Amino acid sequence: MSTEIQQNSAAKSVPQGVDVGRLEKELAASWQNAGGAEESGVTRVCVLNLIVYTTHREDRAEIDALLDVVTAHVPGRALVLVADRDSTEAKLEAYVSTRCQTESKGGAKQICGEQVTIEASGAQVETAASAIEPLVMPDVPVFLWWKDIPHEDDKLFNRLVDLSDRVVIDSLVFDHPHEDLKRLAQLISERRQYMLLSDLNWGRLTSWRNLLASFWDVADYRPALDHIDNVLIEFDPPDVAPDEIAPQALLLAGWLASCLKWEPTDEFAREGKSARWMMRAGERKINVEFRATEDRQGSDGLIATLSLKSGASGAEFNVGVNETWTKLETSAKIGDAHMVKRVVSYEAKSEGERLSRELSMLSRDAVYERAVASVGGLVEVLQKS
Amino acid sequence: MSATVLENPLRAGVRLERTADPCVVVIFGATGDLTKRKLVPALYRLVQERLVPAEFAIVGAARTEISSEEFRANMKEAIVQFSEAKSVDDEVWESFAQGLHYLKVDIGTSEDYGKLSEKLEQIDQERGTQGNRVFYLSTAPALYAEAVKQLGQSGLAKPKDKGWVRVIIEKPFGTDLASAQALNKDIHQHLDESQIYRIDHYLGKETVQNLLVFRFANGIYEPLWNRQYIDHVQITNAETVGVEGRGGYYEKAGVVRDMLQNHVFQVLSLVAMEPPASLNSESVRDEKIKAMTAVRPFTPERVRTDCVRGQYGSGSINGKGVPGYREEEGVAPDSATETFALLTMYFDNWRWSGVPFYIRSGKRLAKRVTEIAIQFKDAPHKLFGSEMMEQMTPNQLIIRVQPDEGITLRVAAKVPGQVTRIRDVNMDFRYGASFGVQLAEAYERLLLDCILGDPTLYARTDMTERGWEIVMPILEEWAATKKDAPFPNYEAGTWGPQAIHDILGKEGRRWRRP
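Line order of the protein sequences matches chains A and B. Counting the first sequence from 1 gives a position; my numbering is that position plus 1. Counting the second sequence from 1 gives a position; my numbering is that position plus 772.
Hints in this document: simulated from the structure, not taken from any laboratory. Note that this is a predicted model, so its numbers are computed, not measured. We treat Cβ as the ideally placed atom computed from N, Cα and C, and that holds for glycine. Among these hints, one or two may not hold up.
To be verified - Calculated cross-link-like contacts (lysine-lysine; reagent style DSS-like; alpha-carbon spacing at most 27 Å): (1) A/Lys26 to B/Lys1186; (2) A/Lys350 to B/Lys848; (3) A/Lys350 to B/Lys858; (4) B/Lys1092 to B/Lys1062; (5) B/Lys934 to A/Lys342.
Unchecked claim - Estimated spans, in silico, between C-beta atoms of each pair: (6) B/Tyr993 to A/Gln298: 14 to 24 Å; (7) A/Arg61 to B/Lys934: 52 to 62 Å; (8) B/Gly886 to A/Lys334: 45 to 55 Å; (9) B/Val985 to A/Ala367: 18 to 28 Å; (10) A/Ser364 to B/Gln1270: 28 to 38 Å; (11) A/Lys262 to B/Lys934: 19 to 29 Å; (12) A/Asp149 to B/Lys932: 26 to 36 Å; (13) B/Ser1086 to A/Glu25: 50 to 60 Å; (14) B/Glu779 to A/Ser364: 43 to 53 Å; (15) A/Asn231 to B/Lys957: 55 to 65 Å; (16) A/Glu63 to B/Glu1054: 32 to 42 Å.
As the list claims (entries may be wrong) - Listed next, the stretches of chain A that the computed footprint assigns to chain B, with coverage defined by at least 3 CB atoms under 8 Å from CB atoms of chain B: (17) 170–178; (18) 220–232; (19) 267–274.
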């Protein structure tokens, strides 16, 4: 599959705002040109609007690469907002481009989406939402990919959330995982009615959750799940906050706790690279331990192993990543009986594919919301101790 | 869905798909073409996609004397050659191969089933497959009844404890009505209907499944889906290939047996059926058979006036010369076997009264395509004069099953300009463009459904027999008049005999060019 990006116009500097009519005309002209070349077989497809917010101009190349993949999976109109909030100069610039993917099969036909890039700086950042709104294509869903930490009191964030059907964030990049996740839990709680949320980091956990859940799809193993009393999650420490527990590890624990109705107690202990919470399910106590591994390049903030044990039934369920981080291995035993070991690919999806997957979902991910709420509870215990 | 899955609290939510129960899939005919081209690559994908649990195994069974090691090596090669990815991940393969076994089994030899039973017990112990079994009959059709009998007599057809046993039977299911009925009778002596999965890989195709969604999840189509608004329906199932070395088989089969009475009728029933009360397998299959029961019987007279048979002569496909059917290996030089058929079908019910369904299927046609074209009636009042009609055909809804799966609605639009000129334009939905996903192979979906215990996409006894009931008068009439068959009557690389155009033409209709 190959990508071709055509930028129709050089940056059009419109200091007082964005000339939406002109941008639409330029997009229409680019499609007319593409359609004129009949043999090129250009197919314009729009199944969604994707608003991308970033504060880093240098993210542009990464965003472009991801949008190439997104166009192949869910083509549509991308509205990329590059915001420089600290600038003293108030400026708003916009330009259009089309992005075409040649289908891998057959070759000639191109699936094309379109892009409007808006660069906003200084005081004009807050007004950028009003430039984006008229550019949103009607009748197809609107996704906001907020490449930053969401703040409930950020006016632009709130305005864009109101415009969107679903918000995509990535908790992997949280600077202060504990505090940021707690605030995320509050945000979800306060805006639950108005905001559907996707977290790319939660998407990365799907393989882990799937493999773990599959242990108890088997009728004979299911009873052991109700006797789990020990959980160990090992993770690569986040570079930005090496003393904190990686969001992915917390989310996994939050998921287990919310699905299995484990409640946090006040018991919390920290020792070196390890942190332990005591949780409770009725009379049963569950020791949940997080342990940072040696820092490894390329796996920042990711989970390395997961182990669930039950002292009462002598059961043990393990999922772990191999040394090269290319495969996941599962193993289990109940009493003296060892179950089948299995090796599966670690992660089949690229970041672009993962983003595309989030963009194909429109329903509420209540399981995620409950997991975040549970993490919020854990962080509160930690902060009190 | 079993209670076990519902009770797994970690399965809640929108992201985690249900995995199947532990089980062993036993493939009879494991050294055959289907196993290496479709079945094992599909099972490997299911493992790779984690849609089957770790407690999973495959036993290849056939008459050939080879070791499990050789079988594994052959299957690895087959996955590389025939899977979409064209590769095997070595570590994942190792894990998969540990559950891949081979056993020499002669279908008719009782002792071999004892050995198979022992092998399966051993696998249950080693891999925790819990006595659940899928037996896949990928053998010569003549051996289906014997295989089921042997499974029954050896006790392998009977589920143990909480386990289950299911048997997948490949097409063709019988060669005529009598043989299909006899086969059904034979297999019912050893299996409940709920254990029988008659596979039709067309039903595993995404677009065929989408027919149900398209018709019954959208409010706008169903009110139009009847004789009031639909003029006629064209179903085209065209292949560019010839008999591909299967001349011997095809001589006895012909296109009606090979394609129409199974694949095409399954698609037809989904187009013609009433909305089911629910999506459970019995409701859907009840509605399908109800529709097919309303098919107007073919009398000898109707066979002569409403049906066309054809056989290809030499010609060219994709710029390459190809021989005629009678020149193919294993085909008699004076063969009267049809390689093309057109049936004009009517459903005598309220919804479809008077609406013809033109169904054509053939080999060595101009293009490989399977599609359903719904042609709507003209607008009731011709507001725009013929001088404005640069091009205007009645609205058509085209559902493409293969290749390039998707849906197109053809509507009239004004050509931009000072004068009113009207042309047809397409509103196009293509799976590849809108979802950007690789569609799963039909066998993947169907195998998984069987392991999950969902027979919705499999054919029930009544449907297989009804298919034969409908076509038997045609087969009998054509057999009785085979000397009169003007074969060959179409050139390879065309759309079939001229007579098919005459049938539509006399009603003022014409074939769509797919």
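Evaluation of the provided hints:
Our distance criterion of 27 Å between C-alpha atoms is met by A/Lys26 and B/Lys1186, whose separation comes to about 21 Å. Restraint check for A/Lys350 and B/Lys848: satisfied, since their Cα atoms lie roughly 24 Å apart, inside the 27 Å limit. Taken as a hint, the A/Lys350 and B/Lys858 pair is honoured in the structure, with Cα atoms around 18 Å apart against an allowance of 27 Å. Only pairs whose Cα atoms come within 27 Å are accepted, and B/Lys1092 paired with B/Lys1062 is rejected, the gap being roughly 44 Å.
Simply put, B/Lys934 and A/Lys342 have alpha-carbon atoms about 24 Å apart, close enough for the 27 Å limit, and the pair holds. The hinted window of 14 to 24 Å between B/Tyr993 and A/Gln298 is violated, with their beta carbons roughly 54 Å apart. Between A/Arg61 and B/Lys934, the C-beta spacing of about 57 Å keeps the proposed range 52 to 62 Å intact. Between B/Gly886 and A/Lys334 the beta carbons are some 32 Å apart, a value that contradicts the proposed interval 45 to 55 Å.
Between B/Val985 and A/Ala367 the CB atoms are about 24 Å apart, so this pair conforms to the stated range of 18 to 28 Å. Here the CB-CB span from A/Ser364 to B/Gln1270 is close to 53 Å, at odds with the stated 28 to 38 Å. For A/Lys262 paired with B/Lys934, a C-beta distance near 27 Å keeps the hint of 19 to 29 Å intact. Checked against the hint of 26 to 36 Å, the C-beta distance between A/Asp149 and B/Lys932 comes to roughly 58 Å, which is inconsistent with it.
Taking 50 to 60 Å as the suggested C-beta distance range, the pair B/Ser1086 and A/Glu25 conforms, at roughly 56 Å. Checked against the hint of 43 to 53 Å, the C-beta distance between B/Glu779 and A/Ser364 comes to roughly 23 Å, which is inconsistent with it. In this structure the hint that A/Asn231 and B/Lys957 lie 55 to 65 Å apart at CB holds, the actual value being about 57 Å. The hint said 32 to 42 Å for the Cβ distance between A/Glu63 and B/Glu1054, and at roughly 51 Å that hint is violated.
Figure legend: the stretch 170–178 of chain A, annotated as covered by chain B; annotation inconsistent (0 residues with Cβ-Cβ distances under 8 Å, at least 3 required). For a cut-off of 8 Å, the count of residues in the stretch 220–232 of chain A with a CB near a CB of chain B stands at 4, and the three-residue condition holds. Using a Cβ-Cβ cut-off of 8 Å, 0 residues of the stretch 267–274 of chain A lie near chain B, which falls short of the minimum of three, so the contact claim is violated.
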